[in-house]
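Trainee: Using this note's numbering, the letters of the sequence shown correspond one by one to residues -6 to 584.
Hint data in this document are derived by calculation from the structure and do not stem from the laboratory.
Note that CB positions come from ideal geometry on N, CA and C, so glycine has one too.
Treat the hints with care, since some could be wrong.
What the hints assert, rightly or not - FRET-style restraints, in silico, Cβ to Cβ: (1) Phe440 <-> Pro324: 51 to 57 Å; (2) Ile193 <-> Ser263: 31 to 37 Å; (3) Asn199 <-> Ala519: 33 to 39 Å; (4) Ser439 <-> Tyr226: 31 to 37 Å; (5) Arg492 <-> Pro419: 39 to 45 Å; (6) Leu197 <-> Gly500: 46 to 52 Å; (7) Pro499 <-> His370: 46 to 52 Å; (8) Ala210 <-> Tyr372: 34 to 40 Å.
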Amino acid sequence: MTTPEFTGLAAPLSALLGKEAKTGAADAAAAPATGTNTAVRTDTATSTAPAPGTGAAPGAGATVVPAAAMAGLPGMQPAPSAATGTSAVPGTSAVPDAGAVPGMSPVPGTSALTDTSAVPGVGTVPGMQAVPGLEAAPSMGTGPGVETVPGMETVPGTPSSPLQTPAAAVPTANPTTTQHLPGAQRGAFSPEMARRDFPILHRLVNDRPLVWLDNGATTQKPRQVIEAVAAFYGSANSNIHRGAHTMARDATALYEAGRAAVADFLGAPSPEEIVFVRGTTEAINLVAETWGRANIGPGDDILVPVLEHHSDIVPWQQLAAETHARVVPVPLLPDGQIDQFAYADLLSSRTRLVAVSHASNVLGTVPPVAEMTALAHRYGAKVLVDGAQAVAHFPVDVQAMDADFYAFSGHKLFAPTGIGALYAKPELLASMVPWQGGGNMIESVSFDRTTFAPAPHRFEAGTGHISGVVGLLAALDWLSSFDHEAIAKYEADLLAYARQALAMVPGLEVLGDAPDRIAVLAFTLAGHDPTAVAQSLDLEGIAVRSGHHCAQPALAHYGLDSAVRASLALYNTPEEVDQLVASLLRLQQSP
-6 MTTPEFTGLA APLSALLGKE AKTGAADAAA APATGTNTAV RTDTATSTAP
44 APGTGAAPGA GATVVPAAAM AGLPGMQPAP SAATGTSAVP GTSAVPDAGA
94 VPGMSPVPGT SALTDTSAVP GVGTVPGMQA VPGLEAAPSM GTGPGVETVP
144 GMETVPGTPS SPLQTPAAAV PTANPTTTQH LPGAQRGAFS PEMARRDFPI
194 LHRLVNDRPL VWLDNGATTQ KPRQVIEAVA AFYGSANSNI HRGAHTMARD
244 ATALYEAGRA AVADFLGAPS PEEIVFVRGT TEAINLVAET WGRANIGPGD
294 DILVPVLEHH SDIVPWQQLA AETHARVVPV PLLPDGQIDQ FAYADLLSSR
344 TRLVAVSHAS NVLGTVPPVA EMTALAHRYG AKVLVDGAQA VAHFPVDVQA
394 MDADFYAFSG HKLFAPTGIG ALYAKPELLA SMVPWQGGGN MIESVSFDRT
444 TFAPAPHRFE AGTGHISGVV GLLAALDWLS SFDHEAIAKY EADLLAYARQ
494 ALAMVPGLEV LGDAPDRIAV LAFTLAGHDP TAVAQSLDLE GIAVRSGHHC
544 AQPALAHYGL DSAVRASLAL YNTPEEVDQL VASLLRLQQS P
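All chains, full assembly: derive it from the sequences and hints.
Mentor: Pasting the structure below:
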């Protein structure tokens, strides 16, 4: 696709497109040609430089509106402004035609735009006030190499905790090649670099600094993502495809650039192999309702490991009930690994599909997906990989693992909710009939005959989540500014430290001990209901999840119906682990 010039397009969006990139097929009205790799031209630019002493990674922040003023939730108190100690980032230039909305205050850690004019026709949003009782955190916790913020004290009874354990092994079961957005530079990584980009990590919960350990449910969003979505609605909002006007072309180019970015991130050969969906659940249902209905019948087997999320169990059960196929559970070993000997024994000429997660959301187990896929292919079976929990933690290459289908959700990858992607091999997409009918997925419609658009558009009926794709594009651009392998190593070290620290809590038992795993810690605490534990931690500003985690068969493997889960991400620190441990010790010692 040849991308048009962007005149007046807000800087964060232009920055996302200001690079050589593969782009997916778009409507002919929006682009005269498809399948070409062309430079996306922009007429707006920013020159952003890291704040003194931040040590930002090379290439980091390429999508940032220089200190863009952001609107809060209805009623939300303004975040701390420049008067509280933040200063303008040196070297940033004003965004042409993208001024601050009157009355809005900047995101914590950023400064207000200078010398900008209001966006034509955009005024203060009526009713946008501050949320009563929601205070901005005065400071945030310290991490290794970061100076102490005034007013932030160590949790009583917890020691200083630099990572002291030897580096744990990064999951290596599936050899991968790191992928980057075109033009993004690999840079160094530290959690302190990442934390500076997350406004929500600077707030208070119950008068305590937020410790977000619920990343398995959803990750927080960096300001680059928040600003990109706001800038889209402020300067480029339009429906996509078929539009002849400038903003339709701009929005279409952003949407298709997002598709190309996902393909690069997953190591997919072409953007045309990426289908946008609401998330992993919808992707799996799409495969079940299209490829599954055409290829699975009476007597066929669908192999599903016991550790799977419900979204990778229930759709196959529904399909099997209608087609008279069987869903065959693959058992686990005591440490939470998939029993590979049992898996090999269960494979047969009847096996049509293996559905397996790339990382477990409750045990953290990282199965040897490449090896499992190779074995399944010997029997002619296809393999669907649920990557929801994997993509934020280590590099993924769908070609290296030879996956037939790969699905993930944006909101677990620092992107907005309601957007995700399905990768499928082109020959499979070509054989699959549309799942939903309507606009956007057709070539022509008459009462005599309807013809459908080629993949991937034939699977994207109706208006897509355009702003979600813009946010996903910004999230991938932000994440690619760091060395993804360095992130994986840091998280492995943090997991090892957390395991060591949690062992100090009497009566605490962590579920699973697979050698290859992501930083997910599901546990029980003797004498305490998991929900009560989560509520107690919340009083101290620590967010964890409790319940069955949509993985009841995995918990049943340990004789449980619920557990507490602390799930870590790249912005979590050893000091936050210490706060978790100190709170659990206080709870265990309380009368």
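Trainee: Tell me the hint numbers this structure goes against, listed in increasing order.
Mentor: 3, 6
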